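Residue-level listing of the chains:
Number of protein chains: 2
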Amino acid sequence: ADVAYLRSILPSTTEDAFFDYLATLDTSEVTVSAVPEGSVVFARVPFLQVKGPLLVVQLLESTLLCLVNYASLVATNAARFRLLAGPDVKLVEMGLRRAQGPDGALSASKYSYIGGFDYTSNVLAGKLYGIPVRGTIAHSFIVSFTSLEEVQLRKLPPLAGGEPVDLPALAESWLQRVCELLQTPPEKANRGELAAFTSYAIAFPRNFQGLLDTYCVRRSGLPNFCAVALALHQLGYQAIGVRLDSGDLAQQSKEVRRVLRACGAHFQVPWFETIPIAVSNDISEQSLEEFSREGSEIDMIGVGTNLVTCPLQPSLGCIYKLVEVNGSPCLKLTEDEEKMTIPGSKTIYRLYDAAGHPFMDLMALEEEPSPSAGQELVVHVLGRLGEASKVVPTTVEPLHRTYFRDGQMCEPLPGLPEVKSHAQASLSLLNPAHRRLHEPQPYPVAVSERLHRLLAELRQASQ
Amino acid sequence: ADVAYLRSILPSTTEDAFFDYLATLDTSEVTVSAVPEGSVVFARVPFLQVKGPLLVVQLLESTLLCLVNYASLVATNAARFRLLAGPDVKLVEMGLRRAQGPDGALSASKYSYIGGFDYTSNVLAGKLYGIPVRGTIAHSFIVSFTSLEEVQLRKLPPLAGGEPVDLPALAESWLQRVCELLQTPPEKANRGELAAFTSYAIAFPRNFQGLLDTYCVRRSGLPNFCAVALALHQLGYQAIGVRLDSGDLAQQSKEVRRVLRACGAHFQVPWFETIPIAVSNDISEQSLEEFSREGSEIDMIGVGTNLVTCPLQPSLGCIYKLVEVNGSPCLKLTEDEEKMTIPGSKTIYRLYDAAGHPFMDLMALEEEPSPSAGQELVVHVLGRLGEASKVVPTTVEPLHRTYFRDGQMCEPLPGLPEVKSHAQASLSLLNPAHRRLHEPQPYPVAVSERLHRLLAELRQASQ
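Going down the list, the sequences are from chains A and B. All residue numbers for the first sequence refer to the working numbering, where the first residue is 2 and numbers rise by one. All residue numbers for the second sequence refer to the working numbering, where the first residue is 2 and numbers rise by one.
Some clues are possibly wrong.
It does not matter which identical chain is meant; a pair holds if it fits inside one copy or across any two.
Claimed, not checked - Restricting the straight-line Cα-Cα distance to at most 25 Å, the calculated cross-link-like pairs of lysine to any residue (SDA-like) are:
hint	residue 1	residue 2
1	Lys189	Tyr353
2	Lys333	Ser247
3	Lys333	Ser9
4	Lys128	Thr77
5	Lys333	Phe19
Simulated from the structure, these hints should not be mistaken for lab results. Remember, it's a predicted structure, so these values are computed and weren't measured experimentally.
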């Protein structure tokens with residue numbers, strides 16, 4: 002069908018033999034080597050090398066770029082959020098509504114997870130990729146209730162067994178006590194919200210959580226949540242969290258924590274003060290910086306739009322370039338050294354210092370001997386190719402593995418959890434000077450002396 | 002399988018009856034009305050209304066938002082490019098490499114087309130949606146040749162029939178004449194590029210096009226193109242275009258047109274001067290403004306990254322809100338009037354002035370009688386709800402149609418070409434003051450007097 006379609010759009014003079022040839026195309030002569038998925042890579046370093054018949058590898062260009070660009074972009078963006086959030090805060094991806102359609106959203110969930118997120122709110126991504134899913138109740142669920150009379154199933158048995166209790170009534174009596182403690186008028190606590198919380202608690206007594214900002218957090222959401230959570234506690238259950246979705250999230254988290262502590266102390270419910278506080282609402286890198294500057298009490302952060310659409314840099318510009326034809330290295334000339342391709346089939350090495358941090362990526366021609374740990378190397382750093390530098394790596398790591406040889410997978414592909422832990426390990430190895438998000442120290446990428454000579458020859462030859 | 006997965010992630014205390022219930026869920030009680038696809042819509046106006054059991058319509062929220070948000074965003078972005086480019090320039094979508102994975106890219110191709118693009122470079126989108134596809138030769142194809150000896154099939158028969166001719170030799174002789182005319186040294190015209198052009202021309206003699214910037218446009222790409230196109234002309238064929246992919250595209254297009262005109266005049270080939278000039282290379286709205294400011298000779302523009310990732314606004318924030326439960330209108334309160342939902346089941350009208358331009362969208366309660374053309378109406382414009390205004394529409398158009406009633410499609414969905422022409426017609430109806438891209442006049446959105454009263458009552462009741 003694909004060939005029939007191509008026949009319909011190509012000029013009518015196209016030879017039949019060409020379409021016959023297309024029908025025989027396969028990847029049996031293609032070999033792909035790449036850095037392991039999740040590896041940190043730097044600009045100008047090839048992270049994927051494809052060898053094979055020119056026509057076939059050319060057909061792979063758009064497909065490979067499409068698969069790599071957004072995946073790398075969003076994994077990188079997620080890694081930045083993880084670095085800012087620190088290791089203890091839980092991060093939830095919730096970008097489905099703003100991603101590029103259903104499959105764009107699935108890619109976003111998958112690669113956010115690799116980049117360092119803990120959960121996704123995309124249930125299909127959970128099912129397809131085994132990513133843990135998390136969510137909270139919706140504003141619309143809360144708005145759909147107006148009074149406690151609407152709670153249809155009212156009874157909840159205590160955890161330890163025994164006579165079921167009328168939870169709405171119990172919650173209402175707790176609301177009085179909570180409002181007294183917090184010195185807030187009980188009539189300001191919205192009864193529809195209380196009804197929604199109670200209904201939820203009866204359905205999920207071990208998993209009760211509250212969304213606090215449908216009405217007023219301080220006078221309604223928080224007292225209602227505490228009332229239902231204390232009623233549940235009386236029956237032996239523990240609430241599992243709250244969510245804030247508007248306003249000054251850092252300040253509110255502190256206020257919420259203060260109230261949870263006060264309730265915990267006053268009503269002698271010690272676990273109350275550690276109830277996890279989740280936040281959402283257009284969270285960006287800047288939000289995370291604010292949270293840490295203001296010293297928040299936030300335990301979990303949901304990030305959607307700014308994670309999946311990467312507004313700081315909405316696209317990644319990986320390119321796919323021809324570097325060798327029929328065994329001869331080739332070069333796309335340009336005025337701009339930054340855009341010059343590096344010719345030839347190459348082996349890529351990552352050089353480590355004595356502290357275990359990578360300090361340079363080195364491209365060498367495939368036929369060159371591998372650099373040795375502890376031995377001095379002459380290299381030329383991109384951006385200042387004119388000068389030779391000498392480096393002595395403590396460890397030398399070849400970055401690429403051959404995953405696909407002559408049309409066959411030849412190295413098992415790691416699962417998502419392995420890719421994720423490799424990504425996190427790869428990031429943590431970086432020197433903090435290279436890893437920091439603001440004005441990181443540039444990471445040098447170099448070519449070997451032989452590759453440097455080849456580059457010079459080819460430039461001269463084509464001028 | 003979905004229910005089994007949900008069972009595995011929901012608390013173990015979840016009742017079996019709930020999962021049994023999930024298995025019976027369908028949309029047989031759901032009704033969806035919407036503006037026809039491709040309609041221009043304004044902020045705050047509901048363009049889709051969903052009625053049905055609360056649980057079911059709630060489950061549709063993320064799906065609908067995911068399907069609508071990016072589609073509307075990229076169609077809007079495409080429409081902006083179309084407005085800037087004017088009606089005569091051809092626009093080609095080429096975002097596959099930078100979109101959110103394969104399906105994100107397909108969505109981008111489809112909705113760019115609706116927004117006003119003419120072609121896509123995504124062949125799969127062409128096949129799946131019937132969008133016309135276009136492309137040009139690649140830099141790598143050109144780089145893969147180094148000399149004319151590499152052209153393997155050399156002979157091309159004239160269009161009118163007769164003895165096949167050695168095209169590389171013919172092109173090389175034309176190159177001498179072109180270089181003489183242009184006063185540029187023939188040895189600066191890269192022979193690999195000439196070989197690539199010749200090979201392409203032999204394969205597609207009626208569809209020859211040149212990518213001019215692999216080496217130097219002026220000294221290599223352009224003379225080589227003219228040489229091959231003139232050689233083809235001698236055999237009866239017409240070249241179909243050139244592409245520029247770097248540098249100052251507007252200036253270069255003028256230089257290229259000048260040379261094409263000079264060649265056309267000198268060698269008496271009149272069609273030469275109208276050879277279409279296509280450009281690409283990170284084209285943005287700003288690029289299009291520059292082209293029109295500098296008076297370019299560009300006939301076709303390829304837009305990729307800045308079309309599909311919408312960097313000026315990388316996401317669209319459509320929301321899905323509960324406005325009525327059990328026949329009672331409801332309201333999510335907020336401090337911010339801009340974010341307040343408009344309660345109740347509504348009918349939406351677009352009001353037109355005597356010139357045929359829409360001048361206001363009006364929301365009224367479903368049970369209200371329709372406003373009449375030529376009759377004075379009292380309305381309250383959002384943003385200044387306090388004041389009543391009077392308007393007299395020349396035409397009144399109900400915006401929504403019911404597409405899905407009680408689980409059944411009840412209005413045939415238009416095909417892509419119809420949606421596209423509806424979008425273009427909908428845009429062209431706009432008053433230019435509303436349509437302009439910079440500081441457009443805000444388009445007023447209003448509520449009927451009855452809806453305004455309901456809004457006031459509900460706000461009062463919940464305070």
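Status of each hint after checking the structure:
no.: 1; hint: Lys189 - Tyr353; result: neither (62 Å within a copy, 45 Å between copies)
no.: 2; hint: Lys333 - Ser247; result: between (51 Å within a copy, 13 Å between copies)
no.: 3; hint: Lys333 - Ser9; result: neither (34 Å within a copy, 54 Å between copies)
no.: 4; hint: Lys128 - Thr77; result: within (23 Å within a copy, 33 Å between copies)
no.: 5; hint: Lys333 - Phe19; result: neither (28 Å within a copy, 62 Å between copies)
Against the hints set out earlier in the document, violations occur for numbers 1, 3, 5.
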